Amino acid sequence: MDEQTANFRRDFKANLIDWLQIEDKTPNDIVDDQPLFGEGLGLDSLDAVEIVIMLQRKYNINQREVDEKREVFATFATLSDFVQERSARQ
Amino acid sequence: MFIGNFVAYSSQALPGFELLTPELLKRTRERAALRWADRYTTLIVSAALELLGAGAADDGLALITATAFGTHRTTFSTLDDILDFPEAQILPTRFSHSVHNAAAAYVGAALKMRGPAIALAGFEQVLCEALELAKTFLYGGLCTRAMVIAAEEKALLTEKAHELWPERFAADMPEGVVGFLLSLSTQDNRRGRLLLNRSARLSLSSPFTFGGDAKLFQALARADATSEHHL
Amino acid sequence: MNVCISGFGAVSSLGVGLEATRQGLYAPPKLPTLPTRVDTSLRLPVFEVPLAGESGQPGGFTNTMLELALTEALDQAGLTRSSLAGRKVGVCIGTTVACQLNNIPFYDDLRSGRAASADLFRRYVVSAPAEWLRRESKLDGPAINVSNACASGADAIGIGALWLEQDACDLVIAGGADELNKVPLDGFHALGICSKQACRPFSADRDGLNLGEGAGVMILERPDDASRRGHRPRHTLAGFGKAADAYHITQPHPDGVGLEIAITNAFRQADVKPADIAFINAHGTGTDVNDRVEGQTLARLFPPNFAYMSTKSLVGHTLGAAGALEAIFTCIMLEQGVVVRNHRCPVCPPDIPVAPLSADLAFAGDLALSTSLAFGGSNTALVIKRMS
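Protein chains in written order, with this note's numbering: chain A, 1 to 90; chain B, 1 to 231; chain C, 1 to 388.
Next up, chain A with everything else stripped away, as it sits in the complex (with noise of 0.2 Å):
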């Protein structure tokens, strides 16, 4: 992993558990490739739906993207590099 995604994770796992407010945990207890919802993180619906209001209002990523590419919420990982692969775009 280059150091640029690595500090784009770091950054988007801070980012992550401030929205949600998940006041248990660091940026250091969220593992890449551990799955957003039910098992690994634990996240449910509400959180899905705050997800992607973050995405709108911090990274500027529109929901019509995000529907499109649902698969990205599989791992933290995933969906990291989706807003990192975007916000290079902008």
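A portion of the hints provided could be inaccurate.
Cut-off 30 Å, straight-line C-alpha distance, at most; resulting in silico cross-link-like pairs (DSS-like, lysine-lysine) [to be verified]:
no., chain 1, residue 1, chain 2, residue 2
1, C, LYS196, A, LYS69
2, C, LYS273, B, LYS135
3, B, LYS160, A, LYS25
4, B, LYS26, A, LYS13
5, B, LYS112, B, LYS154
6, B, LYS135, B, LYS160
7, C, LYS273, C, LYS30
8, A, LYS25, A, LYS13
9, A, LYS58, C, LYS196
10, B, LYS112, B, LYS215
11, C, LYS88, B, LYS135
12, A, LYS58, B, LYS26
13, B, LYS215, B, LYS154
14, B, LYS135, C, LYS138
15, B, LYS112, C, LYS138
16, A, LYS13, A, LYS69
17, B, LYS26, A, LYS25
18, B, LYS160, B, LYS215
19, A, LYS69, A, LYS25
Everything labelled a hint here was simulated from the structure, so no lab data went into it.
Note that the structure is predicted; figures quoted are calculated from it, not measured.
Please build the complex by placing chains B and C on the supplied structure of chain A, with the hints as guidance.
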């Protein structure tokens, strides 16, 4: 009806009320996994946890919540979103919590309560009506016990209420929550009988007196199984 | 349970009054359109009531609709407003929007430290529907505003029936009302559950709900009291079941646990079995989750090929009014002896075991079930019987 348990918390030192502390709310949030829950919900869940104590809920336990101003802080947060952000970007979880029955949903999930759950709202005698409704559910066989919880949260709207309507709302209204655990069975009696009389209805000058006069809550705080409380 | 439904009145996108309602129920459905009364940039079709009025005013459009529905309900029941004086009359009204102060200009003034409208605030305090009705009509008796999301209207009717059974009052005005409002529109959209097209309850291609608005009011009475004054009601409420999922703040329990308990309890009160039910007026919002959970739960509880449908494809999701309007639509269908088909559902998905009605169905029975599944997992079941 018999009172199995009674709790009352307030942010001000009111007779008959325990002090509502940040520690109590923090404890509630940890016990009940209230990551997204707002303060209004936390007040109500706090009362529910204290009422049930070490006991367990069963399908015969009903929940009735009552409020006048309700989830006004969260409703206004949703309006902040609508005013400050594009309409398509308002926070969905905030909105979900701006409905009055969200708190009842959290109580149900936290305590595994599948009995009837109803949220009431109103400015006239909402706590009295909630207690009457508990009696109605108990006599109607919809439940074997009933939790009645009334809460008011302090935030911008309640802080401005006196300025907007001084004759109706006192300045510096406290926030707080009261809860009753009620039953028709003498076996559940710990704090005495609660006798409701519709024709002797007390008038409500402010929702922060929770539908009764202070003497009721002082008496409840000291009550035992032999006590009788008239409302 | 045996409480008379002595009369009812309805306001919805089908129109104002029962004549428009009956016609609209059985006619080809009108499609939802973009809102005209709500100031929004979201292009979400809704089912508007064909009445002029302003959105978001406390004591405004919601109470206007409620008043219209009540006037009609009293008329149907053979009662006048003045005849209520001196009688113990209970009022139980379900609503979601009316119990919130969500007027945006008012809040903007408040938060900015400008002088916010004291008049608007006072109107909000005095306009909670049940309290407002009691005061306006000078009634003496219990008054409750039920703010239980989508089940509110049905809960209000059930509570009213219990009041009568326990002699808390002699007559009940019960129902629900909600107006289209920017806040729930934006909120449900943010939750990702609004459709950009006309909603398609139980359909394989369903993708969300359409909001609607309206008011439904019933006059409830004990059978002895009705017959004493020579009134012959055409329906009774035979069962009211209520139970919670204890699961999640927005998602229903995947196994429909609370719904099953509510239906079972309602059936026990009514002393009926699933096979006795001629049709079910389901909650059927058009969302992925509700329709799957409800469809699967009903299929589990009822005999094969039972008849069910949702009227939300005709009037949208009217929130606090829904449970009441749907109870009224159920009464109408019982009277007519014909259940309306479940519109816009050409294909039922494999995870909904039994397809809803694809054509209007004439039936012989006199019992129907109306279900409401509220946000937060509060479930209500009403069993309604047609009197012969």
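Hints, verified against the model:
About 19 Å separates the Cα atoms of LYS196/C and LYS69/A, which keeps this hinted pair within 30 Å; it holds. A distance of roughly 28 Å separates the Cα atoms of LYS273/C and LYS135/B; the hinted pair therefore holds under the 30 Å criterion. As the CA atoms of LYS160/B and LYS25/A are separated by approximately 38 Å, the hinted pair breaks the 30 Å bound. Simply put, LYS26/B and LYS13/A have alpha-carbon atoms about 24 Å apart, close enough for the 30 Å limit, and the pair holds.
For the suggested pair LYS112/B and LYS154/B, the alpha carbons sit about 28 Å apart, so the restraint of at most 30 Å is met. Taken as a hint, the LYS135/B and LYS160/B pair is broken in the structure, with Cα atoms around 35 Å apart against an allowance of 30 Å. Taking the CA atoms of LYS273/C and LYS30/C, the gap is near 35 Å; set against the 30 Å cutoff, the hint is violated. As the CA atoms of LYS25/A and LYS13/A are separated by approximately 10 Å, the hinted pair is consistent with the 30 Å bound.
Of the pairs offered as hints, the one joining LYS58/A and LYS196/C holds, with about 25 Å between alpha carbons and a cut-off of 30 Å not exceeded. The suggested pairing of LYS112/B with LYS215/B is violated, with an alpha-carbon distance near 34 Å, which exceeds 30 Å. Our distance criterion of 30 Å between C-alpha atoms is met by LYS88/C and LYS135/B, whose separation comes to about 18 Å. Proposed proximity of LYS58/A and LYS26/B is supported: the alpha carbons are some 29 Å apart, at most 30 Å.
Of the supplied pair hints, the one linking LYS215/B and LYS154/B holds, its CA atoms being roughly 23 Å apart against a limit of 30 Å. Between the alpha carbons of LYS135/B and LYS138/C the distance comes to roughly 25 Å, so the proposed pair stays at or under 30 Å and holds. For the hint linking LYS112/B to LYS138/C, the alpha-carbon distance of about 41 Å lies beyond 30 Å, and the restraint is violated. Between LYS13/A and LYS69/A the CA atoms are separated by roughly 20 Å; this keeps the pair inside 30 Å, and the hint holds.
As the CA atoms of LYS26/B and LYS25/A are separated by approximately 16 Å, the hinted pair is consistent with the 30 Å bound. For the suggested pair LYS160/B and LYS215/B, the alpha carbons sit about 27 Å apart, so the restraint of at most 30 Å is met. Restraint check for LYS69/A and LYS25/A: the C-alpha separation of about 27 Å stays at or below 30 Å, so the hint holds.
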